[in-house]
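With these hints in hand, go ahead and build the complete structure from the sequences.
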Amino acid sequence: MPEALINLMGQVAWPLALAVAWLAGELGHRWLALPRISSYGIAGFLLAAGQAGVLPEVRGGAMALLANVAFGLILFELGYRINLAWLRANPWLGLTSVVESVCTFYAVFLVAQALGVPTLPALLLSALAMSTSPAAVLRVVNEARSSGQVTERTLHLSAFNCVLALVVFKAVVGYEMLSSAGGVFEAVWNSLVVVLVSAGLGALFGVAVPGLLRLLGGLARNATVVFALAVLLLTALTDALKFSPLLAALAFGLVARQRRVVLSQVQRNFGALGDLLTVLLFVYVGATLDWRQALAGAELALAVVAVRLLAKTLATTLFAQPSGISWRKGALTGLALTPLSAFAILLLEQTRHLKLDLLEDVAGVMAVALLLEVVGPLLTRWALVWAGETQRKEET
Amino acid sequence: MPLAPFKEAEALTMGVELELQLVNPTDFDLSSSASDMLHLLARGRFPGDVKPEMTESMIEVSTDVHTRHEALLAQLRQMRDALVAAGDRLNVGLCGGGTHPFQRWFHQRIFSKPRFKELSGLYGYLAKQFTVFGQHVHIGCGSADEGLYLLHSLNRYLPHFIALSASSPFFQGVDTLFDSARLNSVFAFPLSGRAPFLLKWEDFERGYFAKMEKTGVVNSMKDFYWDIRPKPEYGTIELRVCDTPLTVERAAALACYLQALCRMLLERSEAPPAEDDYLVYNYNRFQACRFGLDGMLVHPKTNESLPLREDILATLRRLEPHAAALESSAALDELYKVAAGEGNHASFLRRQHAEEGGVEGVVDAAVRCFREEVTA
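Protein chains in written order, with my numbering: chain P, 1 to 396; chain E, 1001 to 1376.
No lab work stands behind these hints: they were computed from the structure.
One or more hints might be untrue.
[What the hints assert, rightly or not] Computed footprint of chain P on chain E, listed as stretches where at least three residues anywhere in the stretch have a Cβ under 8 Å from a Cβ of chain P:
| id | segment |
| --- | --- |
| 1 | 1031 to 1038 |
| 2 | 1190 to 1199 |
[As the list claims (entries may be wrong)] A short, non-exhaustive set of chain E residues, derived as facing chain P with CB atoms under 10 Å:
| id | residue |
| --- | --- |
| 3 | 1043 |
| 4 | 1056 |
| 5 | 1062 |
| 6 | 1082 |
| 7 | 1107 |
| 8 | 1114 |
[Claimed, not checked] The following residues of chain E were derived to be distant from chain P, with all beta-carbon distances above 10 Å:
| id | residue |
| --- | --- |
| 9 | 1221 |
| 10 | 1267 |
| 11 | 1321 |
Beta carbons: idealized from backbone N, C-alpha and C, even for Gly.
Printed below as a string of structure tokens:
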């Protein structure tokens, strides 16, 4: 290939990949009824450096920040949809969340140990497996316009288990710091302080931004833009300070909702801007995966996927009746919680600066992520359809 | 299917049906939660009856048969408490109000039940646009002919109920400038409006219903969306023009107003109903929908123009002895406050809109009203 062509390819690689992914999303949705994000992920994976080689190596840099912003917007929207008062009114829901997360953690840890994964990567893998990808869940819910108990509970449990996963993940990292080279200060800093400051910054935005909106007045229609700008700023800020942009965005959404002074409906998906960034996010996540690592960890991946699904479904089914829904809807909630991907990858990305480079250690995670990237959203979609909570075809 | 014989009920008994909105407490949009709510409510003993309505974002509750205000209100409050408790458990808000201020009708899902599917097939988008919420009041009638007599005698008082119950000023995100925008949605249906002027049940049954049935247009009384319709299997007439009020207290008061009015009409102290009464019927109805308590009525017998508010206050005074006999003076007091001072729920919602600066705040206020027993 002439050098000029290679240069050109390098420059258009990302826009091209996004266009291809978008097209794949539309066609997959139309012909195979695939959730669009599944196709984006597959397209990203196929075009990545490790596979077709269209995309350059993606780790770090501007694309990572953009992916974080995209994810921040989604987490903000998720946080905004979480009703903490529901936990008080229905304590069974909180119990479901804790049991669901803890069971997943232990089950995955046991399986990972049984398959010979060393303790530290096994702990990190288990922490990551607790979380359900909020991006996947929210996008599938919005795409299917679903509404009902499985939808609501999946969204809420996903937000809760992400927070729990993040806390446990940071705790494990802190523990590792403590037990290896680092001192107590570094350990505490990397776990407790990061979690608290990130959440605190998010909460601060959650109070300040709606306050600002009210101060300016008559800005209800601009709420979407203002919130999007705030998420952008928050993500860049927390990223630069090496805190957690993800937790900050989630806390921002949560607090903005609880302290809502502007009673305006945040536009779902942040409109076209959110749609565009979602394509980027899922292509990015797909592109971080390498088929060789995925293949190497396939056995572990399958085992983790299976026990994770089992643990989550068992917990949600067990507490379905006392928390006010049928066994069936409880089981479907567990099924809908399957997706895992963006969150885990971005979390691992976050720890790169700690020089632990866990992304290499936990090769199995790659495979799990890959598998759940494609299958997860599909399962969520099926769960919502089976629960009868989506728009039915004959009526659209 | 021929019409069921008109069951003779105890005169002046009453029952109330309320269609309620299910909303998402986060974005305050309608939430497709009827199946989940019904599932949860079916597990306990519900103090009344609850059933699905046309779309997944509404449910209908109904009381037992009552004769007294106090007992009716007590049951309505129990039902409300049970509904609010279930809603809290499922993160679903409940409220009255004749319309949801900003829902998009095309997003509504038809409840999975053969009759609703059939109606959706026949009426197309009208079925989804019918995501509006009304209060129905049944009044027991001693005989079928008495039922028809009451039904037509009430024509002149119908605007009272529209104006007093009006709680649907907002529709599809904007202020419609109507106090009751809901009734405009009902009017789109081919078999809505007034019942044919027939005073003998036999004429109604053979001369009208049987003929209509032969045309294939109707199968049962359910196919008529009239403002007041006879309900032969209950032995009642059913008033259907009220928006669902924001509180159960207002709902009980409206039912007792109708009960007292029927008691007065049965005394036959007023001139009997005539076909020509209906010349001004749609105009009066429009005035009540559009301007609420500030509307103007044309009296069907004298053709004189009179302010609706004055007419309601005068009627309330005339009903005093009947309310005393029926032990419903408290109910009429509440309506007196509405007509004389604080205004209907439509004006309450407009005030909320001005204060909160958005339609979401309107729903928020409606949800709080329903659960907190505040007199809005």
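Checklist line | Unmet hints by their number, sorted upward, for this structure | finding: 2, 5, 6 and 8
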